[in-house]
Amino acid sequence: MTAPARRRTPAPTAPGDAHAAPGARIPGTASGADTPGGAPAAPAAPGGLAVDGLDVALDGTPVLSGVRLTVPGGSWLAVIGPNGAGKSTLLKAILGLVPYTGTVLVDGEPAHARTLRERARLIAYAPQTPSLPPDMTVFEYALLGRTPYLSYLGWESRADREIAAAVLDRLGLGPLARRRLGRLSGGERQRVVLARALTQQAPILLLDEPTTALDLGHQQQVLELVDRLRLADGLTVVTTLHDLSLAGQYADTVLLLSQGRSVASGPPAEVLTEASLAEHFGARVRVDAGPGGRPLVHLVRPEGDR
Amino acid sequence: MRAPVVPARRSLLPPLLVSVVLLAAAMVAGLLTGAADMPVRGVLLALLDGLPFVSVDSGLAPVERSLLLELRLPRVLTAVAVGGLLAVAGAGYQGVFRNPLADPYLLGAAAGAGLAVTLAVVFLPGEAGTAAIPAAAFAGAVGGVLLAYALGRSAGRGGTATLVLAGVAVMSFLTAVQTFVQQLKVEELQRVYAWILGDLGGSWERLGMIAPYAAVAAVALLLHGRLLDVLSVGDEEAAGLGVHVGRVRLVVLFAASLATAAAVAVSGLIGFVGVVVPHVVRRLAGGSYRMVLPLSLLGGAAFLVAADLVARTVMAPAELPIGVVTAFVGAPFFVAILRATRPVGT
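Protein chains in written order, with my numbering: chain A, 1 to 306; chain B, 1001 to 1346.
One chain only, chain A, in its complex shape (with noise of 0.2 Å):
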């Protein structure tokens, strides 16, 4: 705390920097596995994160009641459900954003129990529409990642340089390193944003509708890549969607929020059924079983309308 131009310093609470080292590849079972010190070993497959009992109230109005989840470390949960069932207060509350009551185990362990920092280590959060301060360069806000790893007024090190380094090269967005995020297009962001919740390091990946905006091209482009580094990695993916086909393809399970109680949870297929979706999205649809049994969800016109 000498100078103004002080130079960082490595976290002091990260003795086990070892997935700092140069070269090493992103998150992974391997960084999950370095938790400092104490923490006894983690079962088979880190980042799972359960949920019970969860209300959550916001302004005095219950957004959430009851919310009840499992998800194994390495799997997908798609969180799915009409407009206002509560499904990005879940991820909130999930990180602690929000204030809530009931149990949410990360990794095992309450999630009050660990500090904000350590949380953030365990846990990386993209929101449904991130601001992005347009003048800063795609490589800086990569950088913020590395904060849960900092300490309160220290800088980035060379090897937290090189991991947003080797996190934008994987997701393709080397040459972009340098450009404003004023001045990207909307796929661009996403993976932006992607790249910093990487660069976090965590094995556990929230991400609020990261399909937003995005054309059924760039949609698609987004879903592959996280599942890619989610099978690389044996990353914990839990999204909202509000595609349900596309919750059927990528999810390993899907829950269903409506009016902030979970009504039904398991495999996609069956979640996705026309008689739930009718009932719960008020919505004539018809499920085809799509590759490898995966329900494809269409919409159909009611038949009194044409």
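Just so you know, not all the hints are guaranteed correct.
[Stated by the list, open to error] Derived CB-CB ranges, DEER-like:
id : chain 1 : residue 1 : chain 2 : residue 2 : range
1  : B       : 1283      : A       : 228       : 50 to 56 Å
2  : B       : 1283      : A       : 293       : 42 to 48 Å
3  : A       : 58        : B       : 1127      : 55 to 61 Å
4  : A       : 70        : B       : 1247      : 31 to 37 Å
5  : B       : 1284      : A       : 279       : 56 to 62 Å
6  : B       : 1018      : A       : 70        : 55 to 61 Å
7  : B       : 1005      : A       : 228       : 18 to 24 Å
8  : B       : 1173      : A       : 102       : 56 to 62 Å
9  : A       : 102       : B       : 1016      : 24 to 30 Å
10 : A       : 282       : B       : 1176      : 22 to 28 Å
11 : B       : 1246      : A       : 228       : 53 to 59 Å
Keep in mind that the hints were calculated from the coordinates and are not lab data.
Note that CB positions come from ideal geometry on N, CA and C, so glycine has one too.
Following the hints, complete the assembly by docking chain B onto the known chain A.
Relative to the frame of chain A, chain B by itself:
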């Protein structure tokens, strides 16, 4: 595997050097300008002579020497301190509120200081009132911002707009009280106005008085550049990155208010420096607060020295109040920024 290219850290050095050169040039111009003409060489040598352990013959007459060291130098240094503090405080407030128009005046800091100083001048007779100005300004500025902060917190969930609106409400209220007090004591109006319009006729005593506060505030602000960058992505994401947003915001708010109070205590109310300078810096050097804060500090100092030069010369031998000069430059600027600032979706 091909090693990824790691972009170099954007170097602070070149823009820093440019700012230092600008500031030095402005200071020399400020020292050379005045009713009495002094040789450049003599002025520089006299300054050198003034340093501890240095003794050179400047060739200046004793009168010139004392004019330089007792009048012009403190005046220029006051402009340096006030300009730097107001600009860096403005940049700090802008980071806290993610609003390029936030400045020491928008948040009740200056209004709080103004009211407190008015109370001191009006109700404490003569010398006691003058002596109480610095302390009153500190208390008032911090009080004004804390009031705005508390109001903003209680009115909403800590959102940015809520806080700024609360600041404007506090500012309006405090200014109204200040006007009321002035009307009660019309005979004191002259003294209050002289102070309100801004006065850089600094003295070594005043400079020494605020120096520790100014230093603490400036260093604290400069150290928070990285955290203000994190805050710029929004409260929820910053919290998701493990940052205690409220804590950072409070520390920066307090430091910026201290800087404002230190500036207000020596010079009265000088507007627009806190908006204009960080904006120009952002245009030239990018949006990262690691650049914006130090460059605003230097740029604000240079800007106010130059503005003071204009104030002293444009109607010589009469002097324009410095606040008039900065407003003349700043107000059109403010409108330009307002027009350029596209509404940011949340």
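The hints, checked one at a time:
1. 1283(B) x 228(A): 50 to 56 Å: violated, 40 Å
2. 1283(B) x 293(A): 42 to 48 Å: violated, 57 Å
3. 58(A) x 1127(B): 55 to 61 Å: Holds - the Cβ-Cβ distance for residue 58(A) and residue 1127(B), about 56 Å, lies within 55 to 61 Å.
4. 70(A) x 1247(B): 31 to 37 Å: The hint (31 to 37 Å, Cβ to Cβ) holds, given that residue 70(A) and residue 1247(B) are roughly 34 Å apart.
5. 1284(B) x 279(A): 56 to 62 Å: holds, 59 Å
6. 1018(B) x 70(A): 55 to 61 Å: holds, 58 Å
7. 1005(B) x 228(A): 18 to 24 Å: holds, 22 Å
8. 1173(B) x 102(A): 56 to 62 Å: Since the Cβ atoms of residue 1173(B) and residue 102(A) sit about 42 Å apart, the hinted range of 56 to 62 Å is violated.
9. 102(A) x 1016(B): 24 to 30 Å: Since the Cβ atoms of residue 102(A) and residue 1016(B) sit about 51 Å apart, the hinted range of 24 to 30 Å is violated.
10. 282(A) x 1176(B): 22 to 28 Å: 53 Å Cβ-Cβ, so the 22 to 28 Å window is violated.
11. 1246(B) x 228(A): 53 to 59 Å: violated, 37 Å
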